[in-house]
Amino acid sequence: MFPPPEALEVELERLHPAAFGWAVACCGSDRAAAEDVLQASYLKVLDGRARFDGRASFRTWFFSVVRRTAAEQRRRNALWRIWPLSLLGSAADGRPDPGAAVVRAETTRRLLAALGRLPRRQREVLYLVFYQDLSIAEAADVAGISLGTARTHYERGKAALRKWLDGEHA
Amino acid sequence: MIDRDEHDLRERFAALRREESAGAPEFRRMLAAARTRPRSGRRDVGFLAAAVLVLIAFVAILTVRHGHRTPVDLAGVRVNVPTDFLLQVPGAELLRTVPRLGLMSFDRRTL
Numbered sequence: 001m002f003p004p005p006e007a008l009e010v011e012l013e014r015l016h017p018a019a020f021g022w023a024v025a026c027c028g029s030d031r032a033a034a035e036d037v038l039q040a041s042y043l044k045v046l047d048g049r050a051r052f053d054g055r056a057s058f059r060t061w062f063f064s065v066v067r068r069t070a071a072e073q074r075r076r077n078a079l080w081r082i083w084p085l086s087l088l089g090s091a092a093d094g095r096p097d098p099g100a101a102v103v104r105a106e107t108t109r110r111l112l113a114a115l116g117r118l119p120r121r122q123r124e125v126l127y128l129v130f131y132q133d134l135s136i137a138e139a140a141d142v143a144g145i146s147l148g149t150a151r152t153h154y155e156r157g158k159a160a161l162r163k164w165l166d167g168e169h170a
Numbered sequence: 001m002i003d004r005d006e007h008d009l010r011e012r013f014a015a016l017r018r019e020e021s022a023g024a025p026e027f028r029r030m031l032a033a034a035r036t037r038p039r040s041g042r043r044d045v046g047f048l049a050a051a052v053l054v055l056i057a058f059v060a061i062l063t064v065r066h067g068h069r070t071p072v073d074l075a076g077v078r079v080n081v082p083t084d085f086l087l088q089v090p091g092a093e094l095l096r097t098v099p100r101l102g103l104m105s106f107d108r109r110t111l
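Residue numbers (this note's numbering), protein chains in the order written: chain A, 1 to 170; chain B, 1 to 111.
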C-alpha cells in the first residue's frame with residue numbers, strides 16, 4: 001500500500017529544507033543544479049517512478065532518491081559535455097547560478113572548502129551525519145553502502161576534515 | 001577531545017544548515033516548476049535517436065560513394081621510380097624470360 005499523492009506532498013513539503021540542503025551537497029554546492037535535481041526527485045516520487053516501500057524511514061528513502069537523481073544528472077551532464085548537443089538544447093551546464101549565490105560566513109566557507117577536498121563518499125557520510133543528523137546506519141542506507149564501509153568513511157572523513165580545519169589556524 | 005571535536009563539527013554544520021535553509025527556494029514554487037518542466041529523459045532519447053539517424057546517413061553515403069568508385073586495373077600499371085636503374089644488372093633479361101610448361105625441353109640424362 002503506497003501513500004496517496006496528497007500525503008506524499010505533505011511529507012515532501014515537511015522535508016523540503018533538509019532535502020534542499022542534501023541536494024546542494026550532492027551537487028557540489030551548485031544551487032541551480034540542486035534545484036534541478038530536487039525538482040526531478042519530486043516528480044519521480046509523485047509520478048510513482050520512485051516508490052516508498054516502507055523498509056526505511058521516508059526521509060532516508062527520499063534522500064537516497066535525491067542522491068541517485070544527482071548521480072544521473074552528473075552522468076547526463078558529462079554526456080552533454082562530450083557530445084556537442086548542448087548547442088541544440090538547454091541542459092544544465094553544471095555552473096553555479098550567480099543570482100542564487102548565498103552570503104556565507106567565513107567559518108562556513110572554510111567548512112565547505114574542507115568538505116570539497118574530501119572524497120565524495122566521505123563527504124556524503126559526514127554531511128548526512130552532521131548536517132542531517134542521521135545515524136551512521138541511516139547514512140549507509142542513503143549512500144547505498146554497508147554499515148562498516150560507512151563507519152570507515154565517517155572516521156576517515158572526520159579525521160581529514162579536522163586536520164584541514166585545524167591546519168588553517170596553524 | 002573526541003567529544004569536543006564532534007561538538008565543534010556539529011556547530012559548524014549547524015551554521016551551514018542555517019545558511020542553506022535561509023536561502024532554500026519555496027516548496028510550492030519548486031513543485032510547480034517541476035510539473036511544467038520538460039522530461040529530460042525524453043529529450044535525451046530524442047537527441048540519441050537523431051544522432052543514430054545522422055550516423056546511419058553518414059555510413060550510407062560512404063557506402064554508396066565507395067560502390068561507384070572506378071576500378072583500377074593494376075596489371076596495366078607501370079610505375080617508374082628514379083631508382084629503377086639500380087635493377088638494371090647484367091643478366092636481368094634472363095629473369096624476365098620465365099620458361100612455360102609444355103614448351104620446355106628436358107635433358108633425358110638428368111631425369
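Where hints are given, some of them may not hold.
Restraint ranges, calculated between C-beta atoms of paired labels, are given here [unchecked claim]:
#1 11(B) <-> 155(A): 24 to 34 Å
#2 48(B) <-> 13(A): 34 to 44 Å
#3 151(A) <-> 57(B): 21 to 31 Å
#4 56(A) <-> 58(B): 47 to 57 Å
Some chain B residues judged to face chain A by a derived CB distance under 8 Å, without partners named [to be verified]:
#5 30
#6 34
#7 37
#8 61
Don't read these hints as lab results, they were simulated from the structure.
Beta carbons are placed, not taken as given, at the ideal position from N, Cα and C, and that holds for glycine.
The hints, checked one at a time:
1. 11(B) <-> 155(A): 24 to 34 Å: Violated - the Cβ-Cβ distance for residue 11(B) and residue 155(A), about 20 Å, lies outside 24 to 34 Å.
2. 48(B) <-> 13(A): 34 to 44 Å: Holds, since residue 48(B) and residue 13(A) (Cβ atoms, about 35 Å apart) stay within the stated range.
3. 151(A) <-> 57(B): 21 to 31 Å: 55 Å, violated
4. 56(A) <-> 58(B): 47 to 57 Å: Check passed, 49 Å falls within 47 to 57 Å.
5. 30: The hint holds - residue 30(B) has a Cβ within 8 Å of chain A, the shortest such distance being about 6 Å.
6. 34: 4 Å, holds
7. 37: OK, holds: residue 37(B) within 8 Å of chain A, min 6 Å.
8. 61: Where the cut-off is 8 Å and the nearest Cβ of chain A is about 20 Å from residue 61(B), the hint is violated.
In terms of the numbered hints stated before, the structure departs from hints 1, 3 and 8, listed from lowest to highest.
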